[in-house]
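Engineer: As you go down the protein sequences, you meet chains A and B in turn.
Straight run, no breaks: the first sequence in our numbering ends on number 227.
Straight run, no breaks: the second sequence in our numbering ends on number 220.
Honestly, the hints are just simulated from the structure, not real lab data.
These numbers come from a predicted model, not from an experiment.
Yeah, the Cβ is synthetic: ideal placement off N, Cα and C, and Gly gets one too.
Do not take every clue at face value.
To be verified - With a straight-line Cα cutoff of 30 Å, these simulated BS3-like cross-link-like pairs (lysine-lysine) come out:
| hint | chain 1 | residue 1 | chain 2 | residue 2 |
| --- | --- | --- | --- | --- |
| 1 | A | K107 | B | K142 |
| 2 | B | K105 | A | K63 |
| 3 | B | K181 | A | K107 |
| 4 | B | K52 | A | K47 |
Claimed, not checked - Incomplete in silico selection of chain A near chain B, CB under 7 Å:
| hint | residue |
| --- | --- |
| 5 | V65 |
| 6 | C66 |
| 7 | E67 |
| 8 | E77 |
| 9 | T81 |
| 10 | A95 |
| 11 | A102 |
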Amino acid sequence: MASDEVKVIGAWASPFVMRPRIALNLKSVSYEFLQETFGSKSELLLKSNPVHKKIPVLIHADKPVCESNIIVEYVDETWSTSGPSMLPSNPYDRAIARFWAAYIDEKWFPSLKSILQAEGEEEKKAVLAQVEEGTALLEKAFIDCSKGKPFFNGEHVGYLDIAFGCFLGWLRVTELAAGHKVLDEAKTPSLSKWAEQFCNDPAVKPVMPDTATLAEFAKKIFAKPAA
Amino acid sequence: MAEEVILLDYWASMFGMRTRIALEEKGVKYEYREEDLSNKSSLLLEMNPIHKKIPVLIHNGKPICESIVQVEYIDQVWPGTNPILPSDPYQRAQARFWSDYIDKKTSGPCKGLHRETGKKQEAAKMEFIEVLKTLDSELGDKSFFGGNEFGLVDIAFIGFYSWFRTYEVIANFSIVAEYPKLIAWAERCLKRESVAKVLPDSDKVLKSVSDYRKKILGIN
Numbered sequence: 001m002a003s004d005e006v007k008v009i010g011a012w013a014s015p016f017v018m019r020p021r022i023a024l025n026l027k028s029v030s031y032e033f034l035q036e037t038f039g040s041k042s043e044l045l046l047k048s049n050p051v052h053k054k055i056p057v058l059i060h061a062d063k064p065v066c067e068s069n070i071i072v073e074y075v076d077e078t079w080s081t082s083g084p085s086m087l088p089s090n091p092y093d094r095a096i097a098r099f100w101a102a103y104i105d106e107k108w109f110p111s112l113k114s115i116l117q118a119e120g121e122e123e124k125k126a127v128l129a130q131v132e133e134g135t136a137l138l139e140k141a142f143i144d145c146s147k148g149k150p151f152f153n154g155e156h157v158g159y160l161d162i163a164f165g166c167f168l169g170w171l172r173v174t175e176l177a178a179g180h181k182v183l184d185e186a187k188t189p190s191l192s193k194w195a196e197q198f199c200n201d202p203a204v205k206p207v208m209p210d211t212a213t214l215a216e217f218a219k220k221i222f223a224k225p226a227a
Numbered sequence: 001m002a003e004e005v006i007l008l009d010y011w012a013s014m015f016g017m018r019t020r021i022a023l024e025e026k027g028v029k030y031e032y033r034e035e036d037l038s039n040k041s042s043l044l045l046e047m048n049p050i051h052k053k054i055p056v057l058i059h060n061g062k063p064i065c066e067s068i069v070q071v072e073y074i075d076q077v078w079p080g081t082n083p084i085l086p087s088d089p090y091q092r093a094q095a096r097f098w099s100d101y102i103d104k105k106t107s108g109p110c111k112g113l114h115r116e117t118g119k120k121q122e123a124a125k126m127e128f129i130e131v132l133k134t135l136d137s138e139l140g141d142k143s144f145f146g147g148n149e150f151g152l153v154d155i156a157f158i159g160f161y162s163w164f165r166t167y168e169v170i171a172n173f174s175i176v177a178e179y180p181k182l183i184a185w186a187e188r189c190l191k192r193e194s195v196a197k198v199l200p201d202s203d204k205v206l207k208s209v210s211d212y213r214k215k216i217l218g219i220n
């Protein structure tokens with residue numbers, strides 16, 4: 001029986017899952033959060049996302065939508081009359097937002113993840129340098145996109161803020177583990193300010209896990225098996 | 001102000017073909033500039049400093065990179081003719097999902113098929129076959145991926161059709177015989193002026209790749 005019900009299949013620690021949740025919060029859409037157990041995949045997940053078998057999945061009136069950034073656009077378009085638009089209306093600015101979201105997923109986040117998996121100081125240093133290079137690009141992108149406003153999307157949190165901001169928890173965990181700050185007032189002044197405003201946004205706060213809890217979880221999943 | 005549209009591209013790129021098809025669908029006049037990928041132009045490096053890749057669409061001096069981003073941009077800027085994305089949000093999400101699937105799942109295997117030999121090429125071939133199976137199943141009995149209308153997913157995948165013969169020859173497997181539905185779909189797409197104009201001759205692609213493999217990999 002199809003109602004207008006909205007469900008999100010996900011996990012609290014996943015930055016990708018945070019994206020649709022923030023988007024739904026921005027549109028004041030209530031939803032049921034179905035948490036997957038770490039290490040296993042539910043029947044519903046496998047049925048709703050048979051191609052990738054990954055979270056997040058949004059289920060709206062029994063119809064699944066997959067891929068976090070695609071879900072964000074779907075939420076923006078479906079509840080277009082509720083709250084501000086998450087993407088710029090100008091086609092060029094929209095293309096730039098999509099470009100950076102793709103860059104973050106394809107280049108920036110994989111290099112961030114590999115810091116936690118790096119073996120030895122040399123490798124860690126090399127990957128850190130990569131992440132810092134990418135972050136410097138994003139600092140410039142922020143200045144270009146925000147045009148003096150608090151968010152990539154302007155006055156309000158939008159698609160690119162969500163695409164990047166979802167990683168802030170994991171970024172902090174990585175900085176702690178590596179003993180090195182990537183985002184700070186000296187190196188990335190604009191992004192530092194943006195990060196604080198993003199995390200304090202009422203749509204973000206309820207779904208952003210706190211760093212300590214995330215760090216504990218990271219220890220668990222990145223723990224090397226006993227020799 | 002006169003519209004200036006320039007496309008930096010490579011004739012055999014299935015990604016560049018997407019952007020060209022979109023521009024043709026919309027009847028947009030553009031200047032095509034062929035890039036020598038072994039000697040990239042300073043304009044390309046200036047307009048796409050991060051990835052240094054084609055295609056790059058330059059509209060009134062401003063660059064747009066990434067082929068699917070370009071196609072969505074073109075659809076938005078020139079909305080009147082031949083809509084590329086459907087208007088329903090759920091259908092749009094499906095179209096975006098499948099274009100994203102094609103991008104995620106083909107880049108590895110296509111590189112492997114093109115440039116590898118032996119076990120590595122075998123592995124790439126198996127991955128590519130998975131993609132063909134999945135897309136064949138997703139297409140089903142529809143005329144186009146989105147249903148009755150030619151759209152984003154068709155544009156995202158049709159360029160690969162010009163590479164099928166090349167893959168069949170260099171990796172020794174059958175695509176045309178195994179996937180009649182996909183071939184019928186491709187032929188339907190080729191009836192469109194934009195696709196017929198843009199897709200290169202399959203034999204030309206085969207010759208180019210065979211020459212490359214002979215020269216670089218020493219394969220006959």
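Engineer: Now, for every hint given, state plainly whether the structure supports it.
Structural biologist: Hint by hint, here is what the structure shows:
A distance of roughly 36 Å separates the Cα atoms of K107(A) and K142(B); the hinted pair therefore is violated under the 30 Å criterion. Our distance criterion of 30 Å between C-alpha atoms is met by K105(B) and K63(A), whose separation comes to about 23 Å. Taking the CA atoms of K181(B) and K107(A), the gap is near 36 Å; set against the 30 Å cutoff, the hint is violated. Only pairs whose Cα atoms come within 30 Å are accepted, and K52(B) paired with K47(A) is rejected, the gap being roughly 39 Å.
Interface restraint check for V65(A): the shortest CB-CB distance to chain B comes to about 5 Å, inside 7 Å, so the restraint holds. Below 7 Å, beta-carbon pairs count as interface contacts, and C66(A) has one with chain B at about 6 Å; its hint therefore holds. With a cut of 7 Å, the hint placing E67(A) at the interface with chain B holds, because the nearest CB-to-CB distance is about 6 Å. For E77(A), the suggested interface contact is upheld, since its CB lies about 4 Å from the closest CB of chain B, less than 7 Å.
Using the Cβ-Cβ criterion of 7 Å, the hint placing T81(A) at the interface with chain B is not satisfied: the shortest such distance is roughly 12 Å. With 7 Å as the threshold, the beta carbon of A95(A) comes within range of chain B, its nearest partner Cβ sitting at about 4 Å, so the hint holds. Restraint check, A102(A) versus chain B: the minimum CB separation of about 6 Å is within 7 Å; hint holds.
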